[in-house]
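Chemist: Residue numbers (my numbering), protein chains in the order written: chain A, 1 to 337; chain B, 338 to 503.
Hints are not guaranteed to be accurate.
As the list claims (entries may be wrong) - Over the 12 Å line for every Cβ pair with chain A, so calculated as not near, a few chain B residues:
#, residue
1, Asn353
2, Arg365
3, Thr366
4, Asp374
5, Gln382
6, Gly390
7, Gln401
8, Leu407
9, Ser465
10, Arg466
11, Lys485
12, Asp488
Said to hold, decoys possible - Label pairs and their calculated CB-CB ranges:
#, chain 1, residue 1, chain 2, residue 2, range
13, A, Gly139, B, Cys480, 55 to 63 Å
14, B, Gly398, A, Gly139, 27 to 35 Å
15, B, Ser461, A, Gly305, 45 to 53 Å
No lab work stands behind these hints: they were computed from the structure. In this text, all values refer to a predicted model and were calculated from it rather than measured experimentally. All C-beta atoms in this analysis are idealised placements derived from N, C-alpha and C, irrespective of residue type, glycine included.
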Amino acid sequence: MQPLPPLAWSAPTTIDEVVAALAEGVPGEVRLHAGGTDLVPNLKRGVTSARRLIGLGRVAELQELVDGPADALGVGAAVTLDDLGRDPRVVARWPAVAEAARQVASPQLRRMATLGGNLCLDTRCRFYDQSAFWRGALGGCLKADGDACHVVPTGRKCVAACCADTPAPLIAAGAELELASVRGPRRVHVADFFAGDGARNHTLAPDELLVRVWLPAPAPGTRAGYQRLRRRGAIDFPLLTVAATVVVERDVVRAVTVVVGALGAVPRRLRGLDALAVGRPLDAAVRAAIAAAATRQCHPLDNLGDAAWRQAVVAPLVRRTLEALEPATAPDAASLR
Amino acid sequence: MRSSDGSLIEVHLTVNGDAVRRAVPPERTLAELLREDLLLTGCKQGCDQGDCGACTVLVDGRAQLACLTLVVAIDGATIETVEGLQQRGRLHPLQAAFVAHGAAQCGFCTPGMLLSAVALLRASPRASRDEIRAGLAGNLCRCTGYVKIIDAVEAVARGDDEEPAP
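Put together the whole structure using the sequences plus the hints.
Modeler: Next comes the structure, spelled out in structure tokens:
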């Protein structure tokens with residue numbers, strides 16, 4: 001069928017051992033293996049390469065959800081999307097994150113795939129997600145084996161899309177990432193984790209490990225939602241993702257964040273929404289105004305195909321997300337469940 | 338089993354109740370091990386890249402994709418394949434229901450469908466039709482025979498079958 005290239009394997013049991021193994025490895029030759037649902041098919045198709053895998057399945061800390069200060073929740077990077085989408089704390093307090101986890105791919109893939117892997121998911125483009133033979137016929141592209149972009153022929157930067165489900169709701173929830181390396185720990189907001197180059201769309205250093213995703217406690221009155229556009233009801237990667245967090249106090253919007261993903265390499269946080277919504281009720285007119293702003297700010301490319309359809313759906317998907325927000329309950333209410 | 342530099346790694350598994358000890362290269366997938374080393378060819382390699390679900394087997398009771406599973410990553414696991422569903426020559430109730438409902442056309446997706454359904458009904462023995470549809474969403478049938486497959490699983494979930502599931 002599609003054999004994998006020869007690989008070496010190690011299975012450390014602590015974070016210190018993982019980062020030491022990363023530091024010893026040759027960048028580009030060493031890859032982390034958690035669920036393997038992105039890495040293994042990409043290795044089979046030759047769109048990425050590796051000589052040595054570091055398995056994360058034996059590092060207990062990466063598989064756990066831990067309560068943090070100020071009612072935050074720390075989700076280990078190797079927690080599966082299936083477990084994340086069912087966890088009662090996540091479902092109650094970060095419903096958009098749980099919903100995104102439940103929308104990924106298929107049941108089997110969600111039982112294997114991890115939250116950390118979803119954040120580090122390789123970008124996708126219809127000129128890249130192909131066999132080596134197919135890509136070779138076009139002469140490669142900016143992301144692999146070439147120097148041209150087939151989506152934007154004059155472009156000098158890869159525009160492959162971040163097609164993961166969880167980044168948009170994590171950005172909308174204000175989540176932070178805890179990273180580790182032999183140089184020490186660091187924390188970064190999810191929004192700042194991504195970089196605007198589809199060839200490598202995140203800022204994780206070659207020797208760094210994503211340890212935990214920290215979900216901050218939602219403010220009182222928070223409502224959140226997530227919707228995605230897909231060709232079929234299961235398995236497919238999203239063609240658009242929309243996440244929203246709205247804080248409502250006495251029927252009036254106090255804060256609003258809307259993030260649209262699967263456009264380019266970085267999920268896009270819509271600008272200028274405060275002027276449209278803050279101080280007003282979240283009624284049909286305000287929802288329509290936010291949707292119109294989304295249409296003006298989001299311009300799907302041909303990276304995933306169907307650019308005109310995706311452009312037409314931006315506004316309805318944003319409106320639908322704002323119509324179907326769910327309450328993010330306070331920690332006390334969650335603990336009663 | 339700790340580390341390797343491209344050499345073989347010894348892995349212990351339980352496959353359909355039998356202890357299996359094998360030295361495998363790290364790039365060996367579970368689908369390859371089952372089919373080529375253990376001759377359990379009920380695990381089908383359809384797309385071989387995680388899209389189709391034909392290679393679905395149970396890993397510690399969870400329906401997962403054997404084509405994307407590295408054997409070295411599941412050392413110590415318990416594996417169930419379609420070959421292990423029958424008990425003493427009697428079909429599993431889901432297998433019997435697939436026969437009764439004509440739920441196989443070409444049959445290539447059937448082992449994966451069965452194992453997804455087994456895991457679903459173990460967790461949710463009285464699963465509704467919608468839950469069955471969601472539970473089988475990761476298994477493609479290219480004959481598009483979904484209705485009879487879902488009918489068969491629903492019949493077992495409703496208890497139409499006289500024999501209890503093991």
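Chemist: Confirm or reject each hint.
Modeler: Now for the hints, and whether the structure bears them out:
1. Asn353: holds, 19 Å
2. Arg365: Per Cβ check, arginine 365 of chain B is inside 12 Å of chain A; nearest 8 Å; violated.
3. Thr366: Threonine 366 of chain B is in fact no farther than 12 Å from some Cβ atom of chain A, at 7 Å.
4. Asp374: Its Cβ never comes within 12 Å of chain A, the nearest being 14 Å, so this holds.
5. Gln382: violated, 5 Å
6. Gly390: violated, 6 Å
7. Gln401: violated, 5 Å
8. Leu407: violated, 6 Å
9. Ser465: holds, 16 Å
10. Arg466: Non-interface label stands for arginine 466 of chain B: nearest chain A Cβ at 15 Å, farther than 12 Å.
11. Lys485: Nearest chain A Cβ is 19 Å from lysine 485 of chain B, so the label holds.
12. Asp488: holds, 19 Å
13. A:Gly139 - B:Cys480: 55 to 63 Å: Distance hint for glycine 139 of chain A, cysteine 480 of chain B is violated at roughly 38 Å.
14. B:Gly398 - A:Gly139: 27 to 35 Å: Given a distance of about 47 Å, which is not inside 27 to 35 Å, the answer is violated.
15. B:Ser461 - A:Gly305: 45 to 53 Å: Hint violated: Cβ distance 36 Å, outside 45 to 53 Å.
Hints 2, 3, 5, 6, 7, 8, 13, 14, 15 from the list above are not met by this structure, while the remaining hints are.
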